[in-house]
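Dock chain S with the ligands against chain D, hints included.
The listed protein sequences correspond, in order, to chains D and S. Numbering-wise, the first sequence is residues 204 to 495 according to the numbering used here. Numbering-wise, the second sequence is residues 48 to 311 according to the numbering used here.
Everything labelled a hint here was simulated from the structure, so no lab data went into it. It cannot be assumed that every hint is accurate.
Here are the in silico distance ranges between beta carbons for each label pair [stated by the list, open to error]:
1) W298/D x T61/S: 31 to 37 Å
2) L356/D x K232/S: 47 to 53 Å
3) P479/D x E270/S: 53 to 59 Å
The following residues of chain S were derived to be distant from chain D, with all beta-carbon distances above 12 Å [claimed, not checked]:
4) Q114
5) V132
6) G147
7) R156
8) Q182
9) S184
10) E221
Computed footprint of chain D on chain S, listed as stretches where at least three residues anywhere in the stretch have a Cβ under 8 Å from a Cβ of chain D [what the hints assert, rightly or not]:
11) 149-155
12) 248-259
Each residue gets a CB set at the ideal place from its N, CA and C atoms; glycine is no exception.
So the chains spell out like this:
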Amino acid sequence: MEAFCFILTGSFVALSCGLLGVFLILRKMAMVGDAISHAVLPGIVLAYLVSESRDTIPMLLGAAAVGVLTTLLIEWLYSKARLQMDASIGITFTWLFAIGIILISLYTGQVDLDQDCVLYGEIAYVPLDLWILPNGKMLGPGPVWITGGGFLLILGLVIFGFRGFEITTFNPEYAAAIGISTVFWHYLLMSAVSITTVISFESVGAILVVAFLIVPPATAYLLTDKLQHMLWLTALFGVLSAFFGYYLAVAIDGSIAGAMSVVAGIFLTLALLLSPKGGVLRKQKIPSRTVG
Amino acid sequence: MSLTAVEIHNLTVTYDRRPVLWDIDFSLPAGHLIGVVGPNGSGKTTLLKSIMQLIPSSSGYIRLFDQPLEEVRHRISYVPQRESVDWDFPVSVRQVVRMGRYRRGNLLRRLSAQDKALADHAIEQVGMTAFADRQISQLSGGQQQRVFIARSLAQEADLYFMDEPFAGVDAASEDAILKLLSSMKEAGKTVVIVHHDLQTARSFFDWMVLLNTRLIKAGVTKEVFTSQNLQEAYGGQLTILSQVSDLVQEKDFPIREKQYRDKP
Ligand SMILES: Nc1ncnc2c1ncn2[C@@H]1O[C@H](COP(=O)(O)OP(=O)(O)OP(=O)(O)O)[C@@H](O)[C@H]1O
Ligand SMILES: [Mg+2]
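Pulled out of the complex, with its shape left as it was, chain D reads as follows:
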């Protein structure tokens, strides 16, 4: 039962992050996902302080707001202040993340959060955090419900928004010319990334969120040249990473989030070697696309 909880939570996070990550990677914005997943921290802390609870809704709102703010800041630094994209991203998220850390240290005692929890999560406590209805009925672990709900939300978004994300990612100029708002789809994606980060971070931490946002989509990108297949393969590699990652963690008695990231990395390595596009011998676009 415990193993099932871990794997289920990990899989939900992997699926939500991976589906969004596909579009981030294709937009060459993987690092923006990374930035958002760190930068939402002050939003979470502020929401926590304002609502004085660890309720999900205020946290989601706080994070979504800061996520959009992050995107706005990055774009402002890039287009108005004329900095390079990577510099804009680096400045924005370290700055916001630092504010979050300061807030946490200022309000230690009031805030039941710490840096370790933010970075590495507390997936180990997932089975302990049980939700019980007022009438005493057991619902099971809360994080499973929260990440599951998040997954359904993202799944719906990707199914209904598929064509919108596809066309605004592939050819934004053309999309704008036929009257589709590229700004709307851009911020929809960024908000979704922010919300997913918040939903996931408590249980799995920012590092696994970033790994799941980037690594399974990058793996899938190597193996297919169809967008639909890329989404399916991303989902597959995400779930497999959660599954094998958990058993790896048990075997070495190590961090679950860390082990899941490692397994995701192993799949990527295999894909690099075995890619039908020619494996390592083909001109590889992975470094510049996903980390650039």
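Below, chain S with the ligands alone, put in the same frame as chain D:
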């Protein structure tokens, strides 16, 4: 044929307060193949983008079929420069062409069977049926250009703006594309094309807009393509000018057009 497709008044566009288009003023009649010609950086791409409202203009107004863009968007098709997309993107030719059927209103729904048939027909028109399921990076430059044109055809518009559809295209593809454009014109469509090559421009288009930040001249090709106008547009670029004046002085049309005409 006196219908006006494009009407532009006092259009000025600036990047960082530097004017790229200055006080442009012209109208284009419907039902013609119209070339937009000028040296590099003369604002040709900028002109198309401001017509499509992809960039803001500092002043002036633009009307298409005597209406603002928003009212007639479904009748307008825009083909961006080929460099505007990542050709490694994981989509097939067919998927790109189907995007021609996307609308703001149907984005959340699946495409209808009719939409898909229209896309397939467009692929056939540009002779890409054999490549329909290929990923777009596995195409030559000319084939990629045809994919963009097919997507545009699938839109079933009345007015087309194409940014350098002949760039990086070999003579055979060029002929094929030109035939297609001519047949569109015959069907009463208006096609406005940004074109680089002065050698071919004269034979391709029956109307022309000669541009260099300012409008040099817009009108029927014969009136626009004079050595005086070209000198004004390309002034200083002597090598081009000498080639061009050779061209202008030729009494007959250039050889290329003859080849094209002689084709069955
Ligand atoms: N995003 C931009 N920011 C600043 N300046 C720009 C931008 N885009 C274009 N320009 C400038 O505007 C001028 C016109 O550019 P435009 O792309 O319209 O020229 P063009 O006629 O299409 O050139 P080409 O024949 O090379 O395609 C150029 O001098 C260019 O440097
Ligand atoms: Mg141009």
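We went through each hint and held it up to the structure:
1. A beta carbon spacing of about 32 Å between W298/D and T61/S agrees with the range 31 to 37 Å that was offered as a hint.
2. Evaluation of the 47 to 53 Å hint for L356/D and K232/S yields a pass: the beta carbon distance comes to about 49 Å.
3. Checked against the given bound of 53 to 59 Å, the beta carbons of P479/D and E270/S, roughly 57 Å apart, stay inside it.
4. At the 12 Å boundary, the C-beta of Q114/S stays outside the reach of chain D, the nearest C-beta of that chain being 14 Å off.
5. Not every CB of chain D is more than 12 Å from the CB of V132/S (nearest about 5 Å), against its label as outside the interface.
6. Here G147/S does not stay apart from chain D, with its beta-carbon only about 9 Å from theirs, under the 12 Å limit.
7. A cut-off of 12 Å between C-beta atoms contradicts the statement that R156/S is not in contact with chain D; the least separation is 8 Å.
8. Not every Cβ of chain D is farther than 12 Å from the Cβ of Q182/S; the closest lies at roughly 4 Å, contradicting the non-interface assignment.
9. Separation of S184/S from chain D is inadequate, the least Cβ-Cβ distance of about 8 Å not exceeding the 12 Å criterion.
10. Distance check for E221/S against chain D: the nearest CB is about 23 Å away, which clears 12 Å, and the non-interface claim stands.
11. Here's how the region 149-155 of chain S fares: 5 of its residues keep a CB closer than 8 Å to some CB of chain D, so the rule of at least three is met and the hint holds.
12. Counting residues of the region 248-259 of chain S whose CB lies closer than 8 Å to any CB of chain D gives 0, so the stated coverage by that chain is violated, three being the minimum.
In summary, the numbered hints that this structure violates are 5, 6, 7, 8, 9, 12.
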